[in-house]
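Asker: Each chain is listed here by its residues.
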Amino acid sequence: MSILVFAESIDGVFKKSTFEAVSYGSEVAKKTSATCVAVSIGNVDDSKLAELANYGADKIISIKGDKVANFVAEAYAKAIANVATAEGSTIIVISNTYSGKSVSPRVAAKLNAGIASGVISYPDTTAGFNVRRAVFSGKAFADVDVKTAVKVLAITPNTFDLVTNNKPANVVAADGGLSDADFVTQTIEVLRVTGKIPLTEAEIVVSGGRGLKGPENWGLIEDLAGILGAATACSKPVSDMDWRPHSEHVGQTGITIKPNLYIAVGISGAIQHLAGVSSSKVIVAINKDPEAPFFKAADYGIVGDAFDVMPKIIEAAKKLKG
Amino acid sequence: MKILVCVSNVPDTTTKVTFTDNNTKFNTAGVQFIINPYDELALTRALEITEKQGGTVTTITVGLADTDASIRKALAIGANDAVRVNAEPTSAYFVAEQIAAYAKDQGFDLILTGRESIDYNGGQVAGLLGEMLGIPSVNVVTKIDVENGVATMERDIDGGREKLSCKLPLVASAQKELTEPRIPNMRGIMAARTKPLTVVEPTSGDVTSLTVGFDLPAAKGGVKLIPADQAEQLIDLLHNEAKVI
Numbered sequence: 006m007s008i009l010v011f012a013e014s015i016d017g018v019f020k021k022s023t024f025e026a027v028s029y030g031s032e033v034a035k036k037t038s039a040t041c042v043a044v045s046i047g048n049v050d051d052s053k054l055a056e057l058a059n060y061g062a063d064k065i066i067s068i069k070g071d072k073v074a075n076f077v078a079e080a081y082a083k084a085i086a087n088v089a090t091a092e093g094s095t096i097i098v099i100s101n102t103y104s105g106k107s108v109s110p111r112v113a114a115k116l117n118a119g120i121a122s123g124v125i126s127y128p129d130t131t132a133g134f135n136v137r138r139a140v141f142s143g144k145a146f147a148d149v150d151v152k153t154a155v156k157v158l159a160i161t162p163n164t165f166d167l168v169t170n171n172k173p174a175n176v177v178a179a180d181g182g183l184s185d186a187d188f189v190t191q192t193i194e195v196l197r198v199t200g201k202i203p204l205t206e207a208e209i210v211v212s213g214g215r216g217l218k219g220p221e222n223w224g225l226i227e228d229l230a231g232i233l234g235a236a237t238a239c240s241k242p243v244s245d246m247d248w249r250p251h252s253e254h255v256g257q258t259g260i261t262i263k264p265n266l267y268i269a270v271g272i273s274g275a276i277q278h279l280a281g282v283s284s285s286k287v288i289v290a291i292n293k294d295p296e297a298p299f300f301k302a303a304d305y306g307i308v309g310d311a312f313d314v315m316p317k318i319i320e321a322a323k324k325l326k327g
Numbered sequence: 033m034k035i036l037v038c039v040s041n042v043p044d045t046t047t048k049v050t051f052t053d054n055n056t057k058f059n060t061a062g063v064q065f066i067i068n069p070y071d072e073l074a075l076t077r078a079l080e081i082t083e084k085q086g087g088t089v090t091t092i093t094v095g096l097a098d099t100d101a102s103i104r105k106a107l108a109i110g111a112n113d114a115v116r117v118n119a120e121p122t123s124a125y126f127v128a129e130q131i132a133a134y135a136k137d138q139g140f141d142l143i144l145t146g147r148e149s150i151d152y153n154g155g156q157v158a159g160l161l162g163e164m165l166g167i168p169s170v171n172v173v174t175k176i177d178v179e180n181g182v183a184t185m186e187r188d189i190d191g192g193r194e195k196l197s198c199k200l201p202l203v204a205s206a207q208k209e210l211t212e213p214r215i216p217n218m219r220g221i222m223a224a225r226t227k228p229l230t231v232v233e234p235t236s237g238d239v240t241s242l243t244v245g246f247d248l249p250a251a252k253g254g255v256k257l258i259p260a261d262q263a264e265q266l267i268d269l270l271h272n273e274a275k276v277i
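Protein sequences appear in the order of chains A and B. Positions in the first sequence are counted from 1; adding 5 to them yields this note's numbering. Positions in the second sequence are counted from 1; adding 32 to them yields this note's numbering.
Everything hinted at is true.
Here chain B is said to cover these stretches of chain A; the calculated rule only asks that three of the stretch's residues, wherever they fall, bring their Cβ under 8 Å from a Cβ of chain B:
(1) 92–105
(2) 118–130
(3) 250–257
Cross-link-like lysine-lysine pairs, in silico, BS3-like; alpha carbons within 30 Å at most:
(4) A:K152 with B:K136
(5) A:K301 with A:K286
(6) B:K57 with A:K301
Rather than coming from a laboratory, the hints here were simulated on the basis of the structure. Being a predicted model, the structure only gives us computed values, none of them experimental. Using N, Cα and C, we set each Cβ at its ideal position, and we do this for glycine too.
Input sequences plus hints: build the corresponding full structure.
Answerer: What follows is the structure in structure tokens.
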């Protein structure tokens, strides 16, 4: 019996979310006396593959080749399902990243497996097989009982701790049972933003709202973000007015994030916005309206004008970070 | 072009979420239901594509009769006809099975869904449906154009964008930016009353998972206010007290 983890890579490198998934799989394997198998698809060097063993992978299956160099959902899902069958996997763990979300349901349908996505807990097997997931964009949680013999768990990034669990690096090459017919979608071009921290992976996020009065004032957000190594975000009205790109919009109809620190500047805190950020560990609200709903959801608050307050904070952050 | 758009009926974004029956059921009392915002984008884009090159747009919803208002709205926005599978949507797997059972013999060139429903946030239906129908699925699409049986798309990826192409048939899930949602006009609303809404009974479907209970996040302990003229203290508190920077 084994727990299979999809070890997602980007340009030959594993992300933190991949190590979180391997740690999770390894912890579940320990509790169920199973082995933890990781499957990497794409061209990842052996030295990098060995990193998966640090987080508890007993076996690392590597599928390489020109065909799998780019992510193709239908092919990757087939390879994962084939490996799961060959390894007798009863639980398949996939991080709920954009790529993970593309493959996890396909893997589930291939294996007739029940799937829970957005998982934020370890399984509770005292009665059935229960996992907790965030629903209503973070306004609530649901406990889901997965009923099938084989289960797919799509776990939320930035939720589970990395667990170091050194094992010898046992890397095995495989072909995943793929043929040319499995590659229907064709990648034309991959454009990755370089030198900027992706919002979904950021541990600190500095976010601006209408209170900043216009896109020309975003230096206040960007300066603080730059000093703290944070990503920048915005509220829905700001992206609707095209002050900032849609990709920065956090909230119920935008991106849901859960950084360690979320600093909201000039955002009132409408229920739709709070839904997307309320799982952040620490929330700071800066707003000149003392009645702004954000103060009810925040850990720290400053009632004041962003244009007076932010320069002071930026100065202090500069001093701290030297 | 024959396009199928999956439409789900969800609580309005301003809903204060509460539960009943010992926290096992979502409390619908006083809740306004709407078309899932991402599905609305999928529907609008489907209409734009068929307006340009001809074709029909059918919507499909898995739900009981109380979803008819949202379905009529989809027809008012411009869909040609609608199908409702008469069942409670208990899980993404069940919903995908129902849609796949209907779609498999219908020859749809393109199936569009929203990237996720704003209530259960699974984002699984597009992938499940693609696999069940044996066709590709492309998630979080911000652009889609169709020409000569091939779809050219852009989609969000972690930390960037990907441009890709795929021959039809195909399932794609709509992300923000795909288009601006269309608001029904009076003519559309009148026309919607007489457009066909076919109700079909569900296939048996597998119970692969069940939601057994709900819970609400613990309330925050209360905000610690820092005077505006001493705003610099925030950095010290975040560093030494909260230990997050």
